[in-house]
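*Asks:* Whole structure, please, built from the sequences with the hints as guidance.
As you go down the protein sequences, you meet chains R, Z and X in turn.
When the first sequence is numbered by the working numbering, its final residue is 158 and no position is left out of the sequence of numbers.
When the second sequence is numbered by the working numbering, its final residue is 935 and no position is left out of the sequence of numbers.
When the third sequence is numbered by the working numbering, its final residue is 1363 and no position is left out of the sequence of numbers.
One thing to keep in mind: the hints can contain errors.
What the hints assert, rightly or not - Simulated crosslink set (SDA-like; lysine to any residue; CA at most 25 Å straight-line): (1) Lys242(Z) <-> Leu1313(X); (2) Lys120(R) <-> Arg286(Z); (3) Lys1269(X) <-> Ser130(R); (4) Lys212(Z) <-> Ser1138(X); (5) Lys215(Z) <-> Ser1341(X); (6) Lys289(Z) <-> Lys696(Z); (7) Lys459(Z) <-> Glu720(Z); (8) Lys552(Z) <-> Lys1269(X); (9) Lys13(R) <-> Gly1086(X); (10) Lys766(Z) <-> Glu723(Z); (11) Lys696(Z) <-> Arg286(Z); (12) Lys17(R) <-> Ser957(X); (13) Lys1301(X) <-> Gly92(R); (14) Lys23(R) <-> Asp1100(X); (15) Lys1132(X) <-> Val229(Z); (16) Lys140(R) <-> Ser957(X); (17) Lys103(R) <-> Arg116(R); (18) Lys120(R) <-> Arg1302(X); (19) Lys23(R) <-> Tyr1139(X); (20) Lys1125(X) <-> Glu333(Z).
By construction, these hints were calculated from the structure, which means they are not laboratory data.
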Amino acid sequence: MTLSAESLAGIDKEVAKYPVDQKQSAVMAALRIAQVEKGWLATETIEFVADYLGMPAIAVYEVATFYNMYELSPCGRHKITVCTNLPCQLQGADTVADYLKQKLGIGFGETTPDGRFTLKEGECFGTCGSGPLCLHNNHKMHTHLSPETVDKLLDELK
Amino acid sequence: MPVITIDDKQVEIAAGATVMDAARDLGIYIPHFCYHEKLSISANCRMCLVEVEKAPKPLPACATPAADGMVVRTRSGKAITAQKGVMEFLLINHPLDCPICDQGGECMLQDIAVGYGGSASRYQEAKRVVKEKDLGPLVATDMTRCIHCSRCVRFGQEVAGIMELGMPGRGEHMEVMPFLERQVGSELSGNVIELCPVGALTSKPFRYAARSWELSRRRGISPHDGLGANMALHVKDNRVFRAVPLDNEAINECWLADRDRYAYQALGAEDRATRPMVRDADRWHEVDWQKALAQAAGALKVIRETHGAEAIGFLASPHQTVEELALMAQLARGLGCENIDHRLDQADCPPDVGAPWLGMAIADLDSLDRVLLVGATVRMEQPLIAQRLRQAVKRGAQLNVVHAADDDLLTRVANKIIVKPSALAAALAGIAKALQEAGKDVGSVSAALSGAVVTDAARAIAASLASGERKAVLLGGMARQHPARADLHRLAQAIALATGAHFGFLVDSANAVGASVVGCTPGAAGLGAAAMVAQPRKAYVLLGIEPYLDSYDPMVLRKAMESAELVIALTAFKGAAPNYAHVILPVAAFAETEGAYVNMEGRLQTFKAAVKPLGEARPGWKVLRVLGNLLGLSDFDYTGVEDVRAAALPADEAGLRARLDNTAPQGEPSIAASSAGLERLGETPIYQADSLVRRAPALQATPLSEHAKVCWAHGALIRKLGLQEGKPVKIRQDAGESIMKLGRDDRLAEDAVRIAGAHALTSKLGSRYGAVQLEKM
Amino acid sequence: MSALYTGPKVCMWTLDHPNPGSLATYVANGGYEVLKKILAEKTPAEQIIEQVKLSALRGRGGAGFPTGLKWSFMPRNYAGDKYIVCNTDEGEPGTFKDRDIIEFNPHQLIEGMVIAGYTLGAKAGYNYIHGEIFELYESWERALDEARAAGFLGNDICGSGWNFDLHAHQGYGAYICGEETALLESIEGKKGQPRFKPPFPASYGLYGKPTTINNTETLASIPWILRHGGQAFLELGKPNNGGTKIFSISGHVNNPGNFEIPLGTPFGDLLEMAGGVRNGHKLKAVIPGGSSAPVLPADIMMNCTLDFDSIAKAGSMLGSGAVIVMDETVCMVKALERLAYFYYEESCGQCTPCREGTGWMYRVIKRIEHGEGRPEDLDLLMSVGGNIAGRTICALGDAAVGPVHSFIQHFRKEFEYHIAHKKCLVGS
Ligand SMILES: Cc1cc2nc3c(=O)[nH]c(=O)nc-3n(C[C@H](O)[C@H](O)[C@H](O)COP(=O)(O)O)c2cc1C
Ligand code: SF4
Ligand code: FES
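*Replies:* What follows is the structure in structure tokens.
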């Protein structure tokens, strides 16, 4: 297995940020980039990253399992992560989360049978003032959610 | 000197010492789990919390620097409260099933819980359950018991040099595991068993075999490599149940290689020789000792009378004890025969000047600045020496390598020259010449260097060795077995002399130094092992030898054995002996006999028998003594093993030292260009090192044993020959052939093919470093 | 109505301009002038540190440690590499100020980091950005490119011959990486597990080299301080609490958001700026400094001014200035359950008390919330918390205990009602 030339270039750019003998510093970015390309981190993807950065595979796996945003099993095309932490909760995150669950017919940690959506519960996004909020595929944040904005968002995500 | 007060006692503190160190100096025990003297400090178990005056919070003794005037209380109310609090947390998710846990009775958690645990649990929720992991044949897991001290993980990273275990997951979901489905394959993997303070990692072969309190402990010395690791053999009902390390900072520190740890399994091997046997035409008979010995002695006498004493060859294993080897030598010489040797795996067996040895103390390896390893497959030959070299590199040493394989030493290698076996001498000559060009005096080899080629790598190695203070040039097992041993020896010694480095041999068998010291090598008039085989003798006396495996060239040896009129095998295992021997005398195996070894640094280590010999087997020294008596030889009236030792060895250490000598054989080295064509790289694999490890099922089931079953070649070579990786390949050598699976290893010199020596799959091939052909099947 | 703050702002002033985050806006308003001056005049590092000390700038990351003092710990004559690290791993529930600095005033942070790099003799700097705000990671990288192109970053900065570069390191979902040594481990490509201190980062930091770590807002304040003088910064706030500070207010207010106001501003003023308690509800409780800070009941809070000392006196912490407002509809058991889950979920797991204790506390609170509490549970929680606090490598242990102890201390009746009646006091 390998990654696309674009992904590899992205990883190389990250590697260049760190001292030459500290390639391992780029592991988080490499996993992120690999995940964007592959959708999730399969065993061979982790092994690839390990070889690419000259790390023991288990050390890469440690990183992949420590940080919440990596996916270690197949994941829907659109991962929706809702922050349910206290400030968001106070601002109505539970309502939004329940609405999403009901609308998608799945609970947190589940994927719709058509593989379109995965729903996750998240911890504080550091954006509490704009809650309720969710992240789409880790990288795009949607703020001030309400049932209406959720409807709109879901419609956009094919 | 700064002073710290702990529990009202005062002690001076050394630079960099922690509170834990100071407490140890005072003999004060502070409970701990994650702390381990040989590992980095992680301070995460929090068991060692103590009260420090003026500190608002209890501090971990293991990580808190000891400071002048510091006042510490390890048993005050505040300290005990903190320790008890931690203990409660450790126990809430720990299964309290000590009665069925293999660690029961030797568990740090159990011991400390007795002192610090509460009686009833306040934790009412369900306990955590963790999925089992398969770490392979050596280490059993019970991961629910893990207390996350991270010792096993740090061991891999810091000591074994390879991170095989990690702790993926976060918070309470964190679990110790290898990378998905991978097993643990390091040659030091078993050490996590002692490191694990609870029963999460235990010995797989020992699993449920016995309870720790039923076992009695006997001191033993590992019989596999020249280190002589100290260990305790745990015994019950006259059987060895396991081997664990005994601390000896000068030798094995607190570690054991897996080979040391699991080879005891061989004591119960099916093919143990338990009764004397004699062959009558083609039938074997079990006979009593008297008869067997009489027959052996009688037959030897006949050979001597008809063909002369020089028609006999004496071959002994360098893993036998000092006493056995001494008596063997005495027997040979008593019969008037100088054909005696312990170097059957060596192509070139010159008369010894003295016993080749490490040339320095083992413990000093850690503090070397510069090292040159020549023909050393060191991780496989002496796993714990490799470990010490890793520590040296961590401290800043430059490791230089000249070998036919660029094996991963799990540490940084500064410079290397990787060439096929026959080019090793030329490579060393290049380094010597680079030194010469840099103005160093290379002494007697200088004339031979005219044709030498100085490569960049040679220059880099020369520069490395020319700098630094504490240095060593070390010859490994492959260099020793090599046909050009004498040249390698001369050149390496010249490099060492020119750079002020120690010079020595990484001795790869338990008692090779002892064997040389007690004269188990040919005298000037005698034949060395190679010659005894190349010029077949009428009779052979074998001690602890498996000739088809132990020899340098099994093809030649086979002929010698098969044509001999008499072969007397003193052995603990039958092996293939029934095919070539005429008398089999069952001698006690390791752990069944007392005696001594001299390790690679010239240290004499004695040991007692841990168990009685199996069946009717007898200690080798007794068998040899009786043979001496029956042959009517003088001075064979020893009453005990100490007598034999006293007669064989100098009275004191200085005397022993005087018999160690690494001086190279006289003469100029030849650096003739290497031959064209493929060459075999036929080292002894780690788990084929001697007849014990060959019979330890757990070791034979490891990936390292699998590795030895494969014929390894460089990818470019595989392509060039049109062969296919993973498929069987036919190997031809001289008149012999064998079929093995072909594997790809781009770390090999391109025209070297690694085909293990000392292996059943290759015992029909020729010399270990000779020319070889690979053919498509 | 008290006079709401309209004075100078240190970090968020760009919001009064169109295109607040652009290099043009920043430069047009005097941005990078201080850097140029320092490099041109080769201002001695001591002089810069003196000004920072004078400003009484206290770390905005939570602990409030005096920044000038922290900077003075960096070994001056160290021969090897040194690093400066910015902590934008803002993940403490309630805190969302640093993200706005990245979005609306990235160049002030860049200038602050470059000046810090110059002052502390660093070779390079890294900004560790919270995983969930990936869009801001990208915008910050763009800002770095802009700064490089304009000669404020990279080689030969402002023609001075001095080289210094900055990079972004993106987190990926671990609150603990906000802890400074966990953050360093994370940059090194490992699990974010805090290191035991000593050694402190100033002597053994990133890659084992001397390193200074500061919060985003802290570093972004540096150019202002050096431009206007330490004294001016100090005078913005109150003694020992220099400057304005960004307060993130969330929860039950009509207008949640960030407000940059002087330290020492009465809490009531901030509440008013945020539009008051939502829909005319009554204030019940406030967590004044991010979820780790002990909760304070309304009456105590209303008497506090917003500065490190006042909040500490009231028994809580100013922390990162994240004010979580709760009105009378909040069930304190449910609120605590969510916070306890957070710490249980985010414990890195290395310390026994934190790994085991956060899970234990969460399970007991969950049990109470779900009507399965036992009378002895509250004492058990206090005791378990007591066995965690102060016994761990990093402060996450204490952070997890703060809410538990304070919620029970101030709202014990609600917990007891839950246990006795298996239902909630609020709304019943
Ligand atoms: C669990 C934990 C989380 C933390 N999270 C943050 C954070 O998100 N941002 C931050 O600046 N500091 C955080 N800190 C504080 C940092 O360890 C550190 O004190 C701070 O970055 C120093 O910067 P300052 O002196 O400028 O405040 C956290 C500390 C702990 C114990
Ligand atoms: S207190 Fe918790 S989060 Fe902090 S280092 Fe220890 S286990 Fe990790
Ligand atoms: S032994 Fe000190 S914390 Fe584990």
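*Asks:* Within a Cα-Cα threshold of 25 Å, do Lys215(Z) and Ser1341(X) meet the stated pairing?
*Replies:* holds (20 Å)
*Asks:* Take a quick look at whether Lys103(R) and Arg116(R) sit within 25 Å of each other, Cα to Cα.
*Replies:* holds (13 Å)
*Asks:* With a cut-off of 25 Å on the C-alpha distance, tell me whether Lys17(R) and Ser957(X) pass.
*Replies:* holds (24 Å)
*Asks:* Would the pair Lys120(R) and Arg1302(X) pass a check requiring their Cα atoms to be no farther apart than 25 Å?
*Replies:* holds (23 Å)
*Asks:* Compare the distance between the alpha carbons of Lys552(Z) and Lys1269(X) with 25 Å, and conclude whether the hinted pair is satisfied.
*Replies:* The hint is violated at about 52 Å.
*Asks:* Between the alpha carbons of Lys1269(X) and Ser130(R), is the straight-line distance 25 Å or under?
*Replies:* Between Lys1269(X) and Ser130(R) the Cα gap is close to 22 Å, so the pair holds against 25 Å.
*Asks:* Next pair to validate is Lys140(R) with Ser957(X); report whether the Cα-Cα distance is within 25 Å.
*Replies:* holds (21 Å)
*Asks:* When you check the alpha-carbon spacing of Lys1301(X) and Gly92(R), does it fall within 25 Å?
*Replies:* Satisfied, since the Cα-Cα distance of roughly 20 Å is no more than 25 Å.
*Asks:* Does the structure keep Lys23(R) and Tyr1139(X) at a Cα separation of 25 Å or less?
*Replies:* holds (19 Å)
*Asks:* Does the structure keep Lys1132(X) and Val229(Z) at a Cα separation of 25 Å or less?
*Replies:* Measuring from Cα to Cα gives roughly 19 Å; hence the hint holds.
*Asks:* Compare the distance between the alpha carbons of Lys766(Z) and Glu723(Z) with 25 Å, and conclude whether the hinted pair is satisfied.
*Replies:* violated (37 Å)
*Asks:* Is the Cα-Cα distance between Lys696(Z) and Arg286(Z) 25 Å or less?
*Replies:* Outside the cut-off at roughly 70 Å; violated.
Of the numbered hints given earlier, the model fails hints 6, 8, 10, 11; all others are met.
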